[in-house]
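Spelled out, the chains give:
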Amino acid sequence: MFDGQKLILRDIPNLHLIDVYINNGGYETARKAFSMKPDEVTNEVKKSGLRGRGGAAFPTGLKWTFMPKGNDKTKYLCVNGDESEPGSFKDRQIFEFNPHQLIEGILISGYAMGINAAYIYIRGEYHRWINILQTAIDEAYAQGYIGAGMREKFNNNYSIDIHIHKGAGAYICGEETSQMNSIEGRRGYPRVKPPFPAQAGLWGMPTTVNNVETIATVVPILQMGGEAYSKIGAQGHSGTLLYGVSGHINKPGVYELPTGTLLTEIIYDICGGVRNNKKIKAVIPGGSSMPPLRGDEIDDVRMDEESLKKIGTHIGTGGIMVMDEDTDIVKITLRIAHFYHHESCGQCTPCREGCGWMEKILKRIASGNGSSKDLDLLVSICNNIEGNTVCALGDAAAWPVRGFVTKFRDEFEQAISKNKSFIAPNVVHGKRKTASNLVFER
Amino acid sequence: MEIAFNAQELERVNKIKDHYPTEQAALMPVLWLAQRTFGWISPDVMQYVADLLHLPFAQVEGVATFYTMYFKKPMGKYHVQVCTNVSCMLMDGDSIYHHVSKKYGLKNMETTSDGKFSLEEVECMGACGGAPVVVINEDYYELSSIESIDKLLESLN
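Residue numbers (our numbering), protein chains in the order written: chain X, 1 to 442; chain R, 1 to 157.
Everything labelled a hint here was simulated from the structure, so no lab data went into it. As the structure is a computational prediction, the values presented were derived from the model and not from experiment. A hint or two may mislead.
[Stated by the list, open to error] Calculated cross-link-like contacts (lysine-lysine; reagent style DSS-like; alpha-carbon spacing at most 30 angstroms): (1) X:K418 - X:K331; (2) X:K363 - R:K103; (3) X:K166 - R:K102; (4) X:K331 - R:K107; (5) R:K73 - X:K363; (6) X:K360 - R:K72; (7) X:K360 - X:K331; (8) R:K77 - X:K407; (9) X:K363 - R:K72; (10) X:K73 - R:K15; (11) X:K6 - X:K166; (12) X:K360 - R:K77.
[Stated by the list, open to error] To give an idea of the chain X side of the interface with chain R (calculated C-beta under 7 angstroms), a few residues: (13) P86; (14) G124; (15) A170; (16) G225; (17) S246; (18) G253; (19) M321; (20) E325.
[Unchecked claim] Label-pair ranges, simulated between beta-carbon atoms: (21) R:N6 - X:E265: 52 to 60 angstroms; (22) R:T22 - X:D72: 17 to 25 angstroms; (23) X:N276 - R:T112: 34 to 42 angstroms.
All C-beta atoms in this analysis are idealised placements derived from N, C-alpha and C, irrespective of residue type, glycine included.
If we strip away everything but chain R, and leave its shape as in the complex, we get (with noise of 0.2 angstroms):
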């Protein structure tokens, strides 16, 4: 594939610069950019963002390297984020996390040979009063339990 934006994101690329003095202020929006239109934040899709920023590589490679939401390798088309941090945990969240784990035989940022699902086993994601919390994508799934993610991933395809 060919590693590009079109024309309208090409503007929008520009309609981000605007928001900052520096275009290297721009690198993390335009990275967000990057991995919606592409999927994953590639060497190639680097190497494209440091062209398209004037920025030398080793700047965008650190950057995406350091943001644990920029995904280094591809990931599943629903992508599993179970938090097991200590309010969560208390709420038995790890115990979603291992159910999922079982189910698709999946360990953390691991994704289904099909390519449906990946898991990940995420930090605080800022919900704890609905506690325990699964995120999917971008969307929360707040005071949740073994049955009702259950029943959410199999709706899901």
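With the rest of the complex left out, here is chain X (with noise of 0.2 angstroms):
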């Protein structure tokens, strides 16, 4: 059971030095591993119940099984640390503090699924902790526990290789498809699925991905046993989940705390409450791309994804933007909007012209220019974004602006009647002629 111990962020000084990690039991779940069969191991982190930490909550487990099995084709995991959505800023914690857990976890990942080659793909600004983590790599190689040391190492046939590829700033590439374009060497293009990755990933052979944090967290499921695990934390959505608390809150930061812990609890008891003593506007939930909770809305709100979709938004990456009564819904709403407009690759017509048509109206209201069709307009924008493109960043884009005009409907009202009287809404009416100046221009 869960007694307050972190799996991941564990207070341990230096636990980034391969020498501290061992000492503190590192690199012996990789061992216990290799002594069971590829699928009892899967079978553990199904049994854990644990789902991807990167947005979509997405049964790590099960993922795992889609991998064709048999060493006919090379396979390859891709981690992915891209960590680009706004407000989410966990993986790096992982980097400076323990990547030799994350290297232990992609051993027993590559274990499981009968993967000899692994590529974390890590965002091009994180450039120090590029260097950390390679640090750890060139470590781990040094004393055999990645490649082929490994086989003197662990007295076993099985090895791996890592490597780190490096962004070069776009969002997009932290969606899977476009991820693998990005290590071939192409730009950041989300593919059409199906194919899954499962089936043709990198180079077209069956590829998974997993959030930095869900293998991170496949080293504590083998050690404990995967049932033990799934004792932690929500019913339908086990373990400790990092939470990145940003915005107005006097102690912001990552913290990692098992699922279903009450918002309320993260956001007064733990974070120390909102700056200046302020009332709560808005909270989004887990990252810029969720939408968003009224500051009536996060009473008995749990932090887990079955919890948080009963009430229309989910868990994300977990990075809880928190906004005090003074913030200007309408200003940040534009920012989300120009975000989506900025990082929008450009493949399908919705989400590129969408993203853009949503920055512009904002802009408008924003303004005082905008006029009472806008709203609507731009709830009309969002429900032809949603679902209509080959990644989810089209939704990513729909889901807040939707999220916010929707919930904080007359503070948009009120930044249009400012300065602008009513508009009558139908254009066609407008631009209609009358049969007596009717004229037939050639």
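Assembly of the complex is requested from the two constituent chains, each provided in isolation within its own frame, with the hints serving as guidance.
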């Protein structure tokens, strides 16, 4: 059972050094996993109820079973550390404070799926953290915990190589198929699914893409057993999560807590409440692409996927953004729309054009030149982007805008009515000419 | 300036290629190396990299222009990146941006005439807990303020 112990960001000084990591039981879980059959390892992960930490909360064990068995094809593991979702800054903590657990997680995951090469994709801005992780990888290679040395170290015929691929500033590369294109040296355009990565991923080979936190969590699961892990946190979404709390909060930062922790407990008890003792106007529970919650909706909200789904939002990456009563919601929505317009890769028309339109309309509203029809127009654009694009960026752009416009409609209306009188919403009638002045021009 | 890697950098390119099954996959890391060596990715650099990796020029240009962190024009010695995304905006990151912009008379992606400073309004840098965030070249300055950034910028030479 969970007794408040941290499984990922453990309270051990200098854990990023390989010697310290080994002295604290490091790489012993990998040894244990290698003594099991690969399928047994996958089964433990399935039993644990681990769900992906990258945003979609897809069951990890199930994802692993999609990989074909046998060794007739090269298989790849792609570890997603792009972490470009605004409000999300948790993987960085793993790179900095516990890189060897990530490496050990890769060994175990790779063994379970019969993979011999892994690519860790890290956003280009993280120069410093790439260096930290690279040092850890080099140390592990030198001591035989990765690569050809593993055979001797673990007395087993399995080995895996780990490479870091550095991104170069593209939000879209956090999407799994886009990330694979990026690793292959192409523009980061998402691919049409199917074929799914497990059938044809990196260089057309079976590939699994997992988040950094997901992979790091595999280690404690194998250590304590899937069943014990499944008892931590909320039912249906077990374990501990790295919550990144930011915005108008007294103690922002990354906190490792069990899933299902009350949102109010995180904000008030753990993070010391809102700055200057203000009230809360809005909270985004899982990174900027998730629908927001109003300040009067956060009571009794539990932070796990199943609970959040019931109230129309998602856990996402666990990036909690808190906004106090003085926040200008129109300005924030405009900023979010600007972000998605900037980051849309431009492949699918609804997202490429729609994100631009949303930004344009919100700019108009924010500058006091909006009209009352604009709000319905915004919602209608959101509805037409959602579900009509190759990847989830379209949804990610539509959800927050629709969420803010519908939940804070009064604020938007106020922004409109401040400078502007009513404009007739029906454009067709306004353009129609009467019979008397109807002139046919040639 | 002649565009060419020295022997040590060419050795590095070969090491990069070892990480991937195809030459094309080495493109992004080689572009990073090129940016570090030549300062920015000019059309000549793109051509050089294309020849080096046996790729069509258009392929290299396509990748270099897709990713925002490859500079398509020369930037300042100190590239000041101010985040104004949601968490940083809530903590007043945009006033830092406007302050720096006014201080040096720079708009987004512009460089001072002496080539010392360039300014960029960046999207989320993944350090929201330390908002507002300013990144200068590769170094993060978290929990910054107009005063602290002023002091920092003036200390640079």
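Query raised in the report: Is it true that the C-beta distance of N6 of chain R to E265 of chain X lies inside 52 to 60 angstroms, as the hint says?
Result: holds, 57 angstroms
Query raised in the report: Is the distance from the Cβ of T22 of chain R to the Cβ of D72 of chain X consistent with 17 to 25 angstroms?
Result: holds, 20 angstroms
**Report entry** Hinted contact G253 of chain X with chain R - closest CB pair below 7 angstroms
**Finding:** This hint holds: G253 of chain X lies near chain R, its Cβ roughly 4 angstroms from the closest one there, short of 7 angstroms.
Query - Interface hint compliance - M321 of chain X to chain R, C-beta minimum distance less than 7 angstroms - result: holds, 6 angstroms
Report task. Mind checking the alpha carbons of K166 of chain X and K102 of chain R for me, to see if they're no more than 30 angstroms apart? Result -> violated, 33 angstroms
Query raised in the report: K360 of chain X and K331 of chain X: Cα distance at most 30 angstroms?
Result: holds, 13 angstroms
Query raised in the report: Is it true that the C-beta distance of N276 of chain X to T112 of chain R lies inside 34 to 42 angstroms, as the hint says?
Result: holds, 37 angstroms
Query raised in the report: Does the alpha-carbon distance linking K6 of chain X and K166 of chain X stay inside the 30 angstroms limit?
Result: Holds - the C-alpha atoms of K166 of chain X and K6 of chain X are around 29 angstroms apart, at most 30 angstroms.
Query raised in the report: For the hint on G225 of chain X, does the least C-beta distance to chain R fall short of 7 angstroms?
Result: Given a least distance of 33 angstroms, the restraint on G225 of chain X is violated.
Query raised in the report: Does the structure keep K73 of chain R and K363 of chain X at a Cα separation of 30 angstroms or less?
Result: holds, 29 angstroms
Query raised in the report: Are the Cα atoms of K77 of chain R and K407 of chain X separated by 30 angstroms or less?
Result: violated, 45 angstroms
Query - Pair hint outcome, K363 of chain X versus K72 of chain R [Cα-Cα no greater than 30 angstroms] - result: Holds. K363 of chain X to K72 of chain R sits at ~28 angstroms (cutoff 30 angstroms).
Hints 3, 8, 12, 16, 20 from the earlier list are contradicted by this structure; the remaining hints agree with it.
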